[in-house]
Amino acid sequence: MSNPTIAIDRDVRVRYAPSPTGLLHVGGARTTLFNWLFARGEAKRLGFDGAMILRIEDTDRNRLVEGATQGILDILSWFGIDWDEGPDVGGPYAPYVQSERLPLYQQGAQELIDKGLAYRCFCSPQRLQQLREEQRQKGLPPGYDRHCRSIAKEEIEAKLAAGEGYVVRFAMPRDGTTEVYDLIRGESTFQNANLEDLVLLKSDGYPTYHLANVIDDHDMQITHIMRGEEWIPTAPVHVRLYHAFGWEPPAIAHMPLILAPGGGKLSKRHGSTAMEEFKAQGYLPEALMNYLALLGWSLDGTTEIFSREELLANWSLERVSPSPATFDYDKLRWFNQQYINHILTLDDLTARVVPFLIDAGLATDGALDPSNAEFARVRDVTAVLKDRLVLLSDAPDLMSFFLVDELPPYDAAKLIPKKSDATQALTALQGAFAVFEAGAVDDEAAIEASLRELAEKLGLKAGQLFMPIRVAVTGRTESPGLFETLRVIGDDWVRARVRAAIELLSTDG
RNA sequence: GCCCCCAUAGUCUAGUGGACCAGGACGUCACCCUUUCAAGGUGAAGAUCGCGGGUUCGAAUCCCGCUGGGGGUACCA
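Each residue of the first sequence is one higher than the one before, counting from 1 in this note's numbering.
Hints in this document: simulated from the structure, not taken from any laboratory.
The model shown is predicted, which means the values in this text are computed figures rather than measured ones.
It is possible that some hints are incorrect.
[Claimed, not checked] For lysine-lysine, the following DSS-like pairs were computed, each having C-alpha atoms within a straight-line distance of at most 25 Å:
id : residue 1 : residue 2
1  : Lys265    : Lys279
2  : Lys115    : Lys159
3  : Lys418    : Lys457
4  : Lys202    : Lys268
5  : Lys115    : Lys202
6  : Lys153    : Lys115
7  : Lys202    : Lys279
8  : Lys386    : Lys331
9  : Lys461    : Lys386
10 : Lys202    : Lys153
11 : Lys202    : Lys138
With the hints as constraints, model all of the structure from the sequences given.
Structure follows, in C-alpha cells:
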C-alpha cells in the first residue's frame with residue numbers, strides 16, 4: 001500500500017494520448033484527469049512547471065473514426081481539462097498527431113535495424129495465424145517464433161528487391177531480465193525470454209503504439225508516463241526500446257483499471273461508458289470529475305466532495321491505489337445530486353437545465369438568456385424541485401406541469417386519496433376552487449391558512465384536501481410542496497385546472 | 001496454457017506493527033420531519049481485514065505459499 005516516494009525533481013511534462021477510434025471512455029477520462037492533476041496540481045504545488053500535452057495516436061487506419069478527434073477534444077474541454085500543447089493549439093513539438101509524424105518513426109525503425117536491434121520480418125499474416133493455431137493446438141504459449149530474425153542478408157536483399165512486404169520487429173534480448181519501476185507499484189522484474197519481438201513498424205509504414213509512443217514521448221520530452229494498467233505487460237519492451245535508442249525512459253505509473261459492476265471490462269452492457277453519454281444523460285462535469293477522482297485515489301478516506309480547485313490543491317500520485325476499482329453508477333448519481341441540490345447556484349443550475357427543456361420542447365431558445373423572462377420562469381420552477389432532480393435529463397418530466405398550459409389526461413381515480421372517497425374529493429375541490437377564486441396563490445402563507453381552515457370546516461384531514469388539489473393542478477400524486485407548487489403554477493392555471501378536475505370527477509363519478 | 005497486476009463490508013475507500021473487537025461514503029433497512037415525492041436529520045444491519053503458514057511481546061499492516069479477481073498474450077491502442 002505504501003507507494004514508493006515520488007520524486008518530482010524537475011518540471012513535469014505529461015501527456016494523454018487517445019486514439020481517435022470512437023467516443024472517450026470514462027476510463028480514458030480518469031487517466032486524463034490524473035495526468036492533469038499531476039501536472040497542474042501536484043507538480044505546481046511543489047514549485048515546478050507542469051505541462052499537459054495532448055497527442056493523437058491515429059496509427060491504426062482501420063479503426064479510425066471520422067470526427068473522433070474533435071469529439072475527444074470537445075468532451076475533454078467540457079469535462080474541465082485543459083492542455084498546453086495539442087493538435088488544436090500546437091506547441092513546440094508539433095505536430096501532435098502521429099499520422100503526421102511518420103518519417104520520425106520510419107527513421108527510428110531504420111536506426112534500430114542499422115544497430116542490429118530490430119529486423120525486417122517478411123512473414124505473412126497467414127503464416128502468423130497458422131503459427132498461432134499450431135501453438136494453441138500444442139498447448140504452447142502463442143507468440144512469434146522469430147523466424148525472420150536470423151534470415152541471411154542476401155535473402156533479405158532479394159525479398160526487398162522483389163518488392164515483398166514486411167514489418168519491422170524489435171529484437172528483444174533472448175535472455176536476462178528487464179526491470180520496470182512503476183511509481184505506484186514499485187519494481188517488477190520481467191524475464192526477457194517471455195517477451196516478444198513486437199512489431200514496431202507495420203507493413204503499411206505506420207508505427208505500432210510501441211514504437212510511436214516511445215519515440216514521441218522522448219521527442220516531446222515527456223517526463224512521466226501515466227497510463228492504464230493494461231500497458232503493464234508491454235512496459236518492459238518499452239523500457240528496452242528506450243535503451244535501444246540510447247534514451248533514458250520517463251518515469252512510469254500505471255493507473256488502476258476501472259472495472260464493471262460484475263467484474264471485467266466496463267462495457268455498454270452495464271450502462272453508459274462514454275463521456276458523451278454521461279453528458280447527454282445530464283451528469284454534471286464537476287460531479288463526474290469528483291467521482292472519477294475518487295476512483296483509485298483518496299485524500300483521507302473521509303472527504304468526498306472536491307471541487308476542481310480542491311482536487312488541484314490536494315491530489316497526489318502517492319495516494320493513488322494500485323488496485324482496480326469498480327464503477328458504481330449509484331454513487332455517481334449521488335454526486336450529481338449533491339452538486340445539483342447543494343452546490344450549484346440556482347442561476348447556474350437553471351442555465352444547465354434549460355437545454356434539456358428546449359430539447360423536450362418545454363422551453364424556447366429565449367430561455368437561454370438569463371435576462372429573459374422565460375429564464376426567470378424556469379428558475380422559479382427549478383427552485384421548487386431541484387432537490388428531487390438527480391440528472392438534468394430528469395428535468396423535462398419533473399417540470400412539465402409547470403411549463404405546459406394543458407395537463408396531459410390523467411385518471412380521475414388519482415383525485416381520490418386513499419383514505420377518502422369521490423364525494424369527499426369533489427367537495428374538497430369545490431371548496432378549494434372557492435378559495436382560489438377569492439385569493440391569489442402567490443401569497444403562500446395566506447393560501448395555506450385558507451386551505452387549512454377549509455379542511456377543518458369540511459371535517460377533512462389536511463391530506464384529504466391537499467392531495468386532490470395536488471393531482472388537479474399537477475396531474476400527478478407526487479410534487480413539490482403544495483403551496484409553492486400553486487404559487488409557481490399561478491392563479492390562472494390553478495383555477496382552470498381545478499375547474500377541469502371538478503368536471504372530470506363529476507362526469508366520471 | 002504462459003506472463004503480469006491486484007486483494008479491508010454488495011461498492012468506493014481510511015488504515016504504512018500497539019490508541020482498530022477496523023473509521024468515512026454510496027447502497028440497503030428503520031425512525032424523525034411531513035400535504036405527496038424528494039431533500040434533510042437520527043440510527044441500524046453489513047468486514048472471522050480472501051485462506052494458510054511464518055516473523056514479532058504484538059500484524060489489516062512485514063515475509064512465503066495458496067486461492068480468487070483482473071489484465072496481457074494482434075501488422076489495436
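Verification of the hints:
This hinted pair checks out: lysine 265 and lysine 279 have alpha carbons roughly 21 Å apart, not beyond 25 Å. Note on lysine 115 and lysine 159: the hinted pairing holds, with a Cα-Cα distance of about 20 Å set against a maximum of 25 Å. For the suggested pair lysine 418 and lysine 457, the alpha carbons sit about 20 Å apart, so the restraint of at most 25 Å is met. Restraint check for lysine 202 and lysine 268: the C-alpha separation of about 31 Å exceeds 25 Å, so the hint is violated.
At most 25 Å may separate the alpha-carbon atoms for a hinted pair to count; lysine 115 and lysine 202 meet this at roughly 19 Å. For the given pair, lysine 153 sits about 14 Å from lysine 115 by alpha-carbon distance, which is consistent with the 25 Å threshold. Note on lysine 202 and lysine 279: the hinted pairing is violated, with a Cα-Cα distance of about 37 Å set against a maximum of 25 Å. Between lysine 386 and lysine 331 the CA atoms are separated by roughly 18 Å; this keeps the pair inside 25 Å, and the hint holds.
Restraint check for lysine 461 and lysine 386: the C-alpha separation of about 28 Å exceeds 25 Å, so the hint is violated. Restraint check for lysine 202 and lysine 153: satisfied, since their Cα atoms lie roughly 21 Å apart, inside the 25 Å limit. The suggested pairing of lysine 202 with lysine 138 is violated, with an alpha-carbon distance near 28 Å, which exceeds 25 Å.
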